[in-house]
Amino acid sequence: MKIPFLFLFTLLISFGLRAQDFKYAFVTDTHIGSSTGEEDLRRTVADINELSDIDFIIITGDITEMGTNNELTLAKQILSGLKKPYHIIPGNHDTGWSESGGVKFITEFSGDKFTFDHNGYRFIACASGPYVRMSDGHIPRDATVWLDSVLKATPKNMPIIFANHYPLDNSLDNWYEATDRLKKYNVQYALCGHGHNNHPYNFEGIEATMGRSNLRAKDSIGGYNIVSMTKDTVFFQTKKPTQAIGAAWRKIALKTFKDDEKKYPRPDFNVNTKYANTKEVWSYHSSANVVNTPAYSSNHVIFGNSLGLVEALNKKTGQRDWVFNTGGAIYSSPVVVDNLVILGSGDGFIYALNEKTGKISWKMQTANSVLGSPIVNGKHVYIGGSDNTFRALEAKTGKEVWAFKEVEGTIVGKPLIYQGKIIFGSWGRHLYALDINNGNLLWKWNNGQANRMFSPAMVTPVAAKGIVYIAAPDRHLTAIDANNGSTLWRNKEATVRESIGLSTDSTTIYGKTMQDEIVAYKAQPQDPGVLWRYNAGFGYEHVPSMLIEKDGNVFFGTKNGVVYAVNPKSQTTTWAHKIDNSMINTVNVIDGKNLVVSTMDGKVVWLNVKK
22 MKIPFLFLFT LLISFGLRAQ DFKYAFVTDT HIGSSTGEED LRRTVADINE
72 LSDIDFIIIT GDITEMGTNN ELTLAKQILS GLKKPYHIIP GNHDTGWSES
122 GGVKFITEFS GDKFTFDHNG YRFIACASGP YVRMSDGHIP RDATVWLDSV
172 LKATPKNMPI IFANHYPLDN SLDNWYEATD RLKKYNVQYA LCGHGHNNHP
222 YNFEGIEATM GRSNLRAKDS IGGYNIVSMT KDTVFFQTKK PTQAIGAAWR
272 KIALKTFKDD EKKYPRPDFN VNTKYANTKE VWSYHSSANV VNTPAYSSNH
322 VIFGNSLGLV EALNKKTGQR DWVFNTGGAI YSSPVVVDNL VILGSGDGFI
372 YALNEKTGKI SWKMQTANSV LGSPIVNGKH VYIGGSDNTF RALEAKTGKE
422 VWAFKEVEGT IVGKPLIYQG KIIFGSWGRH LYALDINNGN LLWKWNNGQA
472 NRMFSPAMVT PVAAKGIVYI AAPDRHLTAI DANNGSTLWR NKEATVRESI
522 GLSTDSTTIY GKTMQDEIVA YKAQPQDPGV LWRYNAGFGY EHVPSMLIEK
572 DGNVFFGTKN GVVYAVNPKS QTTTWAHKID NSMINTVNVI DGKNLVVSTM
622 DGKVVWLNVK K
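With the working numbering, letter number 492 in the sequence shown gets 513, and the count goes up by one each step, no holes.
Hints were generated in silico from the structure; no laboratory data involved. Please note: incorrect hints may appear among the correct ones.
Stated by the list, open to error - Below are the BS3-like pairs computed for lysine-lysine, each with C-alpha atoms no more than 27 Å apart in a straight line:
#: 1; residue 1: K272; residue 2: K261
#: 2; residue 1: K614; residue 2: K590
#: 3; residue 1: K465; residue 2: K400
#: 4; residue 1: K417; residue 2: K336
#: 5; residue 1: K177; residue 2: K279
#: 6; residue 1: K261; residue 2: K177
#: 7; residue 1: K400; residue 2: K426
#: 8; residue 1: K384; residue 2: K420
#: 9; residue 1: K465; residue 2: K543
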């Protein structure tokens with residue numbers, strides 16, 4: 022068979038380019054904002070600039086400590102000092118902790134994913150995180166859509182190097198979204214950070230390398246890796262600023278990838294067979310993550326995604342009726358009032374859209390992202406943002422009624438209206454109670470933890486009989502006097518973490534523990550201890566999906582995509598249904614038979630239960 026000259030020439034050129042040796046620097050986990058992060062990164066930048074044989078730099082996430090705007094600005098300023106090109110992706114500290122919902126990273130670094138070709142190799146990298154502070158690692162939905170397009174345009178024999186912040190294992194809830202795709206191509210190896218140590222890996226036949234953190238940790242100086250590509254082998258060597266490069270600690274043979282065709286563990290959906298009466302009436306897969314609870318109106322199911330799209334689905338068919346594009350990621354759960362859809366966006370605006378058409382009725386600009394969820398009381402809507410401000414607005418016009426500007430930290434949760442107060446938490450360690458009429462501070466509470474990671478921010482407070490109940494990441498269920506903010510009691514018996522709910526008769530507080538159990542407490546001023554425990558068997562659990570009681574069942578979701586209905590009287594599972602393998606947001610319970618559910622991976626589903 023004759024081989025066309027042009028095809029043969031292309032193969033020779035491709036082989037020639039691949040055969041050329043080259044080196045690049047592999048930097049990860051710089052954690053700007055930690056005690057030594059800035060100095061360690063400045064040293065590394067200066068050190069790399071002294072290396073004449075480096076072609077480029079790859080930086081694989083956790084660029085900052087808390088994902089703040091100031092930390093990201095500083096990181097960009099330091100990295101701009103590199104004399105060679107650099108390619109960068111975020112990690113969980115840049116996304117799950119972000120005060121901007123990831124918007125600031127994208128604007129500073131012109132994206133959260135990259136691909137480029139060098140000497141015949143195609144480098145591909147995408148973001149990962151949890152996108153809620155305590156959820157599993159997750160490759161975002163928009164990244165998998167993007168990865169499909171990149172791979173489709175990649176020749177099957179072209180060698181690929183893939184980078185991600187997390188290892189491609191079950192520390193990501195959807196690791197298989199990447200491995201299943203990459204194994205169909207000529208993947209050479211993968212890079213990752215996250216673990217802060219140099220470590221060899223193999224992910225379902227894909228060789229991989231975790232790089233050490235750039236932080237000095239217990240050493241006197243930080244460090245990174247030099248990656249040397251030769252014709253048939255890649256070598257990894259540790260480099261500390263001003264010191265000689267270390268011996269190769271890891272090498273990988275470069276050869277055509279062949280899938281070993283072994284069967285590896287994948288998520289188990291057998292629970293859907295066990296509870297066959299629960300069905301998905303329709304399912305819609307958005308183009309990006311959904312990290313909010315969809316609103317429900319007479320016509321639509323409405324939600325926002327992490328690309329900034331507000332989508333309205335026909336409630337009967339699940340088909341999209343309209344879409345509106347904001348300028349930033351949406352974490353805010355919308356509310357519908359008087360034919361208006363109201364929500365906040367990472368672009369810094371609060372929006373009111375026409376429920377039927379999706380057109381703007383009004384929008385209000387703030388000084389930072391608006392990740393908090395609104396709540397409506399009469400003619401007013403109440404919502405907090407990342408500009409340290411909590412606002413009351415006229416729902417019809419968006420006119421500001423009052424603004425409380427003394428909030429510490431970012432507001433990301435949904436407030437509670439109770440006894441003339443608006444109550445909400447933030448990542449600044451405090452729970453606040455404001456006078457709902459004028460926004461004056463009535464009291465603020467904290468759990469005594471200096472570390473802001475234990476803040477009562479993701480909690481949705483509930484209240485009964487003059488008592489406010491919350492469960493912060495400190496794993497206590499706490500009862501607070503609604504009148505003065507004093508602590509009545511704190512119970513850590515069951516390690517309830519962020520997820521609680523109130524019974525319909527307001528006599529019982531429900532909690533979701535971090536291992537298998539739903540627990541109940543009597544709503545009372547004295548510590549009641551645990552009233553009952555039920556082992557629902559959902560495993561290790563840590564996501565803030567609140568518990569909702571309606572028509573005799575308590576509904577909640579888990580980190581691995583399962584929705585549960587539990588009977589609190591008999592302490593039995595009424596039904597369970599698995600949608601995907603990512604976090605379930607707080608469900609919208611329409612009635613005992615119908616629920617609207619959204620997942621981290623962008624699935625929005627209407628569930629119906631036949632009795």
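Quiz item: Is the hinted pair K400 and K426 satisfied, with a Cα-Cα distance of at most 27 Å?
Solution: Roughly 22 Å between the alpha carbons, so the hint for K400 and K426 holds.
Exercise. With a cut-off of 27 Å on the C-alpha distance, tell me whether K417 and K336 pass.
Key: Roughly 24 Å separates the two Cα atoms, so the pair holds.
Exercise. Given the hint that K465 pairs with K400, test it: the Cα-Cα distance must not exceed 27 Å.
Key: holds (26 Å)
Quiz item: Is the straight-line distance between the alpha-carbon of K272 and that of K261 27 Å or less?
Solution: Holds, at about 19 Å.
Quiz item: If you draw a straight line from the CA of K384 to the CA of K420, is it 27 Å or shorter?
Solution: holds (10 Å)
Quiz prompt | Pair hint outcome, K614 versus K590 [Cα-Cα no greater than 27 Å] | solution = holds (18 Å)
Quiz item: Do the alpha carbons of K465 and K543 lie within 27 Å of each other, as the hint requires?
Solution: Between K465 and K543 the Cα gap is close to 24 Å, so the pair holds against 27 Å.
Self-check item: Distance restraint between K177 and K279, which requires alpha-carbon spacing of 27 Å or less
Solution: Holds, at roughly 12 Å.
Quiz item: Taking only the CA atoms, is the gap from K261 to K177 under or equal to 27 Å?
Solution: violated (37 Å)
Checked against the numbered hints given earlier, this structure breaks only hint 6.
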